[in-house]
Structure formats: C-alpha cells, structure tokens
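Listed in order, the protein sequences are those of chains A and B.
Read in order, the letters of the first sequence correspond to residues 1 to 270 in my numbering.
Read in order, the letters of the second sequence correspond to residues 1 to 286 in my numbering.
Any given hint could turn out to be false.
Beyond 12 Å from chain A on every Cβ pair, some chain B residues (computed) [said to hold, decoys possible]:
| no. | residue |
| --- | --- |
| 1 | 23 |
| 2 | 57 |
| 3 | 194 |
Simulated restraints, written as ranges between beta carbons of each label pair [unchecked claim]:
| no. | chain 1 | residue 1 | chain 2 | residue 2 | range |
| --- | --- | --- | --- | --- | --- |
| 4 | A | 240 | B | 60 | 31 to 39 Å |
| 5 | A | 239 | B | 214 | 34 to 42 Å |
| 6 | B | 271 | A | 130 | 49 to 57 Å |
| 7 | B | 214 | A | 236 | 27 to 35 Å |
When the alpha-carbon atoms are kept at most 27 Å apart in a straight line, the in silico DSS-like pairs for lysine-lysine are as follows [unchecked claim]:
| no. | chain 1 | residue 1 | chain 2 | residue 2 |
| --- | --- | --- | --- | --- |
| 8 | A | 191 | B | 130 |
| 9 | A | 127 | B | 64 |
| 10 | A | 80 | A | 210 |
| 11 | A | 80 | A | 267 |
| 12 | B | 250 | B | 238 |
| 13 | B | 23 | B | 64 |
Everything labelled a hint here was simulated from the structure, so no lab data went into it.
In this text, a Cβ means the ideal position worked out from N, Cα and C, and glycines have one as well.
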Amino acid sequence: MSMLWPIARITFKEGTRNRSFYGISLIALIMMGAAFLISGMVMRDVGKVAVDMALSTVSFAGLLLVLFVGIDLMAKDLDKRTIYMVLARPISRQQYIVGKFVGISLLIVVTVFLLSVFAAISISTIKWANPDYFPRFSWGPVFVAEAFIALSLSLLSALSFLFASFASTSFITLILTIISYIIGQSMSTVKTLVENPQTAGITVSPVTVKLVQVAYYLFPNLSLFDIKTQAAHGLAIPMTYIIWTLCYGIVYICLVIVFAAFLFRKKEFP
Amino acid sequence: MQGRTTAFLLAVLFILHVFMLGKASIEKRPLPSDSGGGFVFPSPVLKITSFEFKGIVSDLLFIKALIFMGSTYERKEETLMKPEKWQWFARVLAASTDLDPYFVDPYLLANAHMTWEGGMIRETNTLLEKGTQYRDWDWMLPFFAGFNNFFFLHDNAKAAELLMTASQRPGPSEQLVSLAVKLAYKEKMTENAILFLEAIEKKTDDERLKKEYETRVRALQARLLLERSVSAYKDKFKRSPDSLQRMIEKGIIKEIPRDPYGGKFSIAPDGQIICSSDYLLMPGQR
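The following block holds chain A by itself, in its conformation from the complex (with noise of 0.2 Å):
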C-alpha cells in the first residue's frame, strides 16, 4: 500500500509535464472564448448557451485528457520497457495499476478542477453582460454536473487500463477506449429506441435487441453522468439521483480496475 502513492504522484507529475497537456488548456481557453461568441447570437435562452458551452467545454478537454495523456502514460512504460525498472522494485503488478490509476484520476480531478474555474470565469462574465438572461441559473447544478465530468472521465480512464491489460500497443488501447466511450454515452438512447422501435417508426430484429440489452450491462452507462442540460436550465436534480450514480461511478470503477489488475498479473511482457 504505500507504494501506490509514489507511483501516483510520479504519474501526476508525469502528466502536467505531458505537452499535450498544454494543448488541451489552449483548446479549452478557445472554446470558452467561443462562448461569449455564440451566446450573443441567441435571443433569450443565453445563460443556457453559457453554461452548455463551458460544460462541455471541460467535458471535451477531459476527453481529450484521458484519451492522449492518460493513454500515453500508460502505454509508455511499456512502449519504452521502462516497467521493468518499475516491477524490479518490490512492488506487485497490482499496485503498479492501482498507483497508476490514483495518478491519472487525480490529473483528471485537478484538470476538472481548472477548466471549472475557467468556466465559472466564462459564465459569470457572460452573465455580467447580460443578467436579465439568467432567470433560472444556480451555481449548484453546474458544479454537480462538473463533478460527474470528473467521475465519468475517471470511469473512462479506468477502462482504458483493462484494455492496456492485454492490447499489444497503445493504439489499439486507444481505439477500444474511443469505442467504449461512443457506446457508453449512446447505449441508454439506443436500448430505448430498440425497445420501442415503433416510436421512430423503424423495425428491430428481436437478436438485435437481445445484443444491445447484453451490451447496456457490459457497457458503462456513461449518459448517467451527464447532467449538463440540466445545469443549463436550473433544473432540480435529485439528491437520490446524485448519490445512486456516484455509488454506481465508484462500483464500476473498482470493478474495472480489479479486472485489470488480474489481467495485468497474468500479461507477459516481451
């Protein structure tokens, strides 16, 4: 146990020295400047535009995050065979994953946490210009909605160790997370509409039906976390419906992890 932290604070560290880190600020500072831009154009609805922008402004930069920075300081130990310095050490695979894991969640948090402060900036701004455009805006909502970017980032990272565990490169870790990610954020609106094919008028074969229910329980539901619209609108969210998805984030994470874990103990490296 009290190697885990070392591992987590050398992979921190690695991380904010990652370049790619410093792109991903760029990108973020250009989408929050693009929000004062597109909230302009709207008639009424501009603390909605606002919020909507710098939400998924940390959203997408998160993303980015997790799927170049995270993967990269993975991989890279075993890109370059650097684990073997590591392992030579006495520390168990186990750890060596887990310590690796805290590390990258608290970049992710830490990240999370940044691009917040820009998009709070960015919000109170806009709604400095224009406060008759913010009837039913509440700080509340949008931190909740951050706070479950982080979770959902944390839970996409967590993924994309399980399939480092056995991918052979990095790359084929990145297209798997890339998948997970898509289907993971379109599961919930797909088992819907397969189940009620009559709704958009479509016909769903009962296999078809059968795959994407076995898919919903495989998948995380990565939909659960995303609350922006209701942030964007002041709408009330449910102190159950925070709780179940943070017990659900947390659980699907140490199962993630545990499994990679025991995948990674079993890996034979070359």
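With the hints as your guide, set chain B onto chain A.
Only chain B this time, still in chain A's reference frame:
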C-alpha cells in the same frame, strides 16, 4: 540575407493567400448551398450521434435556422420562400428542441416566423405544446399557442385551455387572465373558468384582487347553475326554455340566482345564458 529572403517569401505567400481566399469565396457563392433545403437527420440519429454534447448541437442547429432566416431578410425573399424551405426550417427547429426540449429560443423563432409568414400554424403549435410540456414554469409558450389557436385556427376552446395553462404559471399579467376567462366563457366552459379563477385566487396575495376573483367566481357559479338547469330542462322537455321564469314554473329551479355584479340573467335565442353585467367579468372595464 537568408532571413530577408524568407520574410519576403512569407509576405508574398500571405498576399497570395488573401487574394486566392477572396477569389475562391466569390466563386463559391453561386454554388448550391445546403442551407434552407438540405437534409436534416432524424432526431433519434442526432440524439445518438451527439453523445454528451446534445446541448451544443441543439444551440448550433438553432443558430443555423436563425442565420438562414436572417439571410432571407437580407435577400428580401421571406414572403417568397418556397414551401420546402419552410419545411426545412421547421425540421431544424424541431430537431433542436428534440435535443434540448427546454431551450426556449427555437420555440420563439418558430412562433415569430412560421405562423405569419410561413402559414405553418399546426406545426408551430406542435412545437409550442412540446415546449409547454417541458418548460412547465414558462407562461409565454402556452400563451403563444393559445393566441395561434384563437387568431389563426379560430379554436376558442383550445385557446382558452392554453391560456388557462399560461395564467396558472408565474409571471403573466392580469390582462391574460381576463382573456382566458373571456374565451372560456364564450365556449360554455364556465366550469373550467371557475376552477381556473379559484386557482388564480389562491395564488394571489393582494386582498383587493382576491375579493375581485371571489366575486367573479360567484358570478360564474350562478351562471353554471343556470347552464346546468337549461341542460336539465332540455333533457326533460326536448327543447330549450324560452325564459328563466319558465324553468321556475316547471320546477327545474327554485329561483333565479343573484348576479354579484347586479346584472340580470336571461336566455338568448340560441339557448345560451347571458347576463346584463357580462362585460363586468372583464378586468379593466369596470
């Protein structure tokens, strides 16, 4: 020397770039544009493919429709817009509100253009009713839908129903309340009008207004009693009574109820209950 050559080369290339950009942009103008006639993906497809960015996609679809409508004004062709362009406009706004049904701007844009200019009243009302359902705090959307029903479709019953919905939400003026009552009353919907006024009265803090509403409710209750009596008379004698006195003679009612505004009730030739103080039911006319 090498630095100067590079700077010169960069300057020439930049000037060429600006020149070519202008030329290419001018050449592109006459090309067919997808704006105002292109394909709009069905909402289920948009919902799946926009992942967690449904809010932004909704915003961008709205802006696309807004820019299209703005450009028609620039070209002064709004009245000449072909039906397929109006259909495209309606589909884009419907897709935008499917992705984020709480977003108010697409509803307002639809109502501003699709009714007077586009003649798409039913399509506009379908959108407004969706907005009314989701934005359950907003009185403007049911108000607009009510107006469309009243003014364009001449459906007073539906208009009254929507205006009642609008009046029960925070914000609308007393004028709206009176309009709803007026429409409801004309459509023999006295019972609904009473329920509606009672709900408004409960929400009102002002004592003067509370008393006003109570009086209106009493006036409508008296009318409702007479309307029901006329129905009972019709059921029994298979024709309308020619006067209220006739209903007393036939034992349908014991007495004619008192109008709190001091008016006198009577029966119109079409069988409707009318009162000499009917105009007093409307605020601002007393």
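- Task: If any of the earlier hints don't hold here, list their numbers in rising order.
- Result: Numbers 2, 10 - these are the hints that the structure violates, sorted from lowest upward.
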